[in-house]
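Engineer: Please work from the sequences and hints to get the whole structure.
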Amino acid sequence: MLAEEMAPFIGKNVGTIACEVEKGSIKRFADAVEETNPLYWDEEYARKSRYGSIIAPPGFFGWPVKLPPGQTFQRPTDIADPPEAMDEMRAVLARAGYFNVLDGGIEYEFFLPVRAGDALTAKSIIKEVREREGKSGKMAFVIIETSYTNKKNELVAVQRSTAIYR
Amino acid sequence: MAEQIYWEDINVNDELPPLPKIATTRMLVKWAGASGDFNPLHYDSALAAAVGVGSPIIHGALKRQWLVQLVTDWMGEQGTLKKFACSYRAMDWPRKMATPWTPEEGETWQCKGKVTNKYADGDQKLVDCAISIENGKGEETTRGAATVMLPNRG
Chain A
85 MLAEEMAPFI GKNVGTIACE VEKGSIKRFA DAVEETNPLY WDEEYARKSR YGSIIAPPGF
145 FGWPVKLPPG QTFQRPTDIA DPPEAMDEMR AVLARAGYFN VLDGGIEYEF FLPVRAGDAL
205 TAKSIIKEVR EREGKSGKMA FVIIETSYTN KKNELVAVQR STAIYR
Chain B
1191 MAEQIYWEDI NVNDELPPLP KIATTRMLVK WAGASGDFNP LHYDSALAAA VGVGSPIIHG
1251 ALKRQWLVQL VTDWMGEQGT LKKFACSYRA MDWPRKMATP WTPEEGETWQ CKGKVTNKYA
1311 DGDQKLVDCA ISIENGKGEE TTRGAATVML PNRG
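So the sequences go chain by chain: A and B. Per my numbering, residue 85 is the first one in the first sequence, and the count goes up by one each step. Per my numbering, residue 1191 is the first one in the second sequence, and the count goes up by one each step.
If you're looking for bench data, these hints aren't it; they were derived computationally from the structure. Careful, some of the hints might be misleading.
[Said to hold, decoys possible] Only pairs whose alpha carbons sit at most 30 Å apart, straight line, appear in this in silico DSS-like list of lysine-lysine:
no., chain 1, residue 1, chain 2, residue 2
1, A, Lys-222, B, Lys-1327
2, B, Lys-1272, A, Lys-235
3, A, Lys-211, B, Lys-1272
4, A, Lys-211, B, Lys-1273
5, A, Lys-219, B, Lys-1327
6, B, Lys-1272, A, Lys-236
7, A, Lys-111, A, Lys-132
8, B, Lys-1272, A, Lys-207
9, A, Lys-107, B, Lys-1273
10, B, Lys-1220, A, Lys-111
11, A, Lys-107, B, Lys-1220
12, A, Lys-236, B, Lys-1315
13, A, Lys-222, A, Lys-211
14, A, Lys-111, B, Lys-1272
15, B, Lys-1302, A, Lys-111
16, B, Lys-1272, A, Lys-96
17, B, Lys-1273, A, Lys-235
18, B, Lys-1272, A, Lys-132
19, B, Lys-1302, A, Lys-219
20, A, Lys-132, B, Lys-1273
21, A, Lys-111, B, Lys-1304
22, A, Lys-235, A, Lys-107
[As the list claims (entries may be wrong)] Here are a few chain B residues that sit away from chain A, every Cβ distance over 12 Å (derived from the structure):
no., residue
23, Glu-1193
24, Ile-1195
25, Lys-1308
[Unchecked claim] Chain A stretches covered by chain B per the calculated footprint, using a threshold of three residues with CB under 8 Å from any CB of chain B:
no., stretch
26, 105-118
27, 138-147
28, 184-191
We put the beta carbon where it would ideally sit given N, CA and C, even for glycine.
Structural biologist: See below:
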């Protein structure tokens, strides 16, 4: 039974990553979305705002982004805590017949604005795994919870992303 | 930017100003570079066909950011996004480019939102919204919810 095999993975750390929030990366992110809010790139405008400096759109936490190694810009020095538990979990899922993965969705709680110049730490754990019989066969939902903290160790945001394996 | 909205003036069932978006193959390339998501499902036609999605699909996270923009544009600079969630219900395919600068004719996506609850939590004045994206056929492909703290007119 998948639930039993997955139980040891719940709560496991699957990576701790240092994320740099650079002005240029915020600007490119906002541009790709076709954002129109000058808070994300206009220093003069942002200085006069209640934030006092450029902020990132909610949902952007700097570089490198939280994706599996090989799927994004990551150098070995970016990964403080390699995500071996993730590879082991994927192996268990593959043995249970789950090979394909889709992005199912995301949940955020935001506690502090993310500012250009911030250096965040993103720590991820496997929060939950559940299996369901869908119209097109069985599916496994894997929820990864990521906590972002700043240099003062304040909690900036919590993210829960759902990967659907099938 | 639109004018600042205030908590007192918001009512349940108010609609957020819709945000139209046109995803193009070009936008997906920009998003891949800006977001760091290099999954070939979003740019490699042969791989997309092989895994059964036809042609490269729009990144879920790009649709997520459209919805973030819908809410943050509406709440204004004095508003604060407290919670946000969305799930991807169906796949979407970008328009191809007709020229290096202009997309082909095709779908326009509509990001929509509606106020579902208005309440106070201590001194925080909050509003919940249901949010969604409809494709060119009017089908909902992404659905979510957001909680926003708004300023008082007071």
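Engineer: Now tell me if each hint is right for this structure.
Structural biologist: Now the hints, each set against the structure:
1. For a cut-off of 30 Å, the pair hint linking A:Lys-222 to B:Lys-1327 stands: about 29 Å separates their Cα positions.
2. This hinted pair checks out: B:Lys-1272 and A:Lys-235 have alpha carbons roughly 21 Å apart, not beyond 30 Å.
3. A hinted pair counts as satisfied when its Cα atoms are at most 30 Å apart, and A:Lys-211 with B:Lys-1272 qualifies at roughly 21 Å.
4. In summary, the hint linking A:Lys-211 to B:Lys-1273 is supported, as the alpha carbons are separated by about 18 Å, within the 30 Å threshold.
5. About 23 Å separates the Cα atoms of A:Lys-219 and B:Lys-1327, which keeps this hinted pair within 30 Å; it holds.
6. For the hint linking B:Lys-1272 to A:Lys-236, the alpha-carbon distance of about 21 Å falls within 30 Å, and the restraint holds.
7. A distance of roughly 18 Å separates the Cα atoms of A:Lys-111 and A:Lys-132; the hinted pair therefore holds under the 30 Å criterion.
8. About 20 Å separates the Cα atoms of B:Lys-1272 and A:Lys-207, which keeps this hinted pair within 30 Å; it holds.
9. Between A:Lys-107 and B:Lys-1273 the CA atoms are separated by roughly 24 Å; this keeps the pair inside 30 Å, and the hint holds.
10. Among the hinted pairs, B:Lys-1220 with A:Lys-111 is consistent with the structure: their alpha-carbon atoms are about 12 Å apart, no more than 30 Å.
11. At roughly 17 Å between alpha-carbon atoms, A:Lys-107 and B:Lys-1220 fall within 30 Å of each other, so this suggested pair holds.
12. A C-alpha spacing of about 28 Å is found between A:Lys-236 and B:Lys-1315, which places the hinted pair at or below 30 Å, so the restraint holds.
13. As the CA atoms of A:Lys-222 and A:Lys-211 are separated by approximately 20 Å, the hinted pair is consistent with the 30 Å bound.
14. Of the supplied pair hints, the one linking A:Lys-111 and B:Lys-1272 holds, its CA atoms being roughly 22 Å apart against a limit of 30 Å.
15. Simply put, B:Lys-1302 and A:Lys-111 have alpha-carbon atoms about 25 Å apart, close enough for the 30 Å limit, and the pair holds.
16. With a C-alpha separation of about 27 Å, the suggested pairing of B:Lys-1272 with A:Lys-96 holds against the 30 Å cut-off.
17. At most 30 Å may separate the alpha-carbon atoms for a hinted pair to count; B:Lys-1273 and A:Lys-235 meet this at roughly 23 Å.
18. Restraint check for B:Lys-1272 and A:Lys-132: satisfied, since their Cα atoms lie roughly 22 Å apart, inside the 30 Å limit.
19. This hinted pair checks out: B:Lys-1302 and A:Lys-219 have alpha carbons roughly 28 Å apart, not beyond 30 Å.
20. Pair hint A:Lys-132 plus B:Lys-1273 holds up; C-alpha atoms about 26 Å apart against a cutoff of 30 Å.
21. Between A:Lys-111 and B:Lys-1304, the direct Cα distance comes to roughly 29 Å. Compliance with the 30 Å bound is thereby established for this hinted pair.
22. Proposed proximity of A:Lys-235 and A:Lys-107 is supported: the alpha carbons are some 18 Å apart, at most 30 Å.
23. Against the 12 Å criterion, B:Glu-1193 stays outside the reach of chain A, whose nearest CB is about 14 Å from its own CB.
24. In this structure B:Ile-1195 is separated from chain A by more than 12 Å, as the shortest Cβ-Cβ distance comes to about 15 Å.
25. The beta carbon of B:Lys-1308 sits about 20 Å from the closest Cβ of chain A, which is more than 12 Å, so the claim that it is off the interface holds.
26. For the stretch 105-118 of chain A, the proposed coverage by chain B is satisfied: 7 residues have a C-beta within less than 8 Å of a C-beta in that chain, meeting the threshold of three.
27. Here's how the stretch 138-147 of chain A fares: 4 of its residues keep a CB closer than 8 Å to some CB of chain B, so the rule of at least three is met and the hint holds.
28. Counting residues of the stretch 184-191 of chain A whose CB lies closer than 8 Å to any CB of chain B gives 7, so the stated coverage by that chain holds, three being the minimum.
Of the numbered hints stated above, none is contradicted by the structure.
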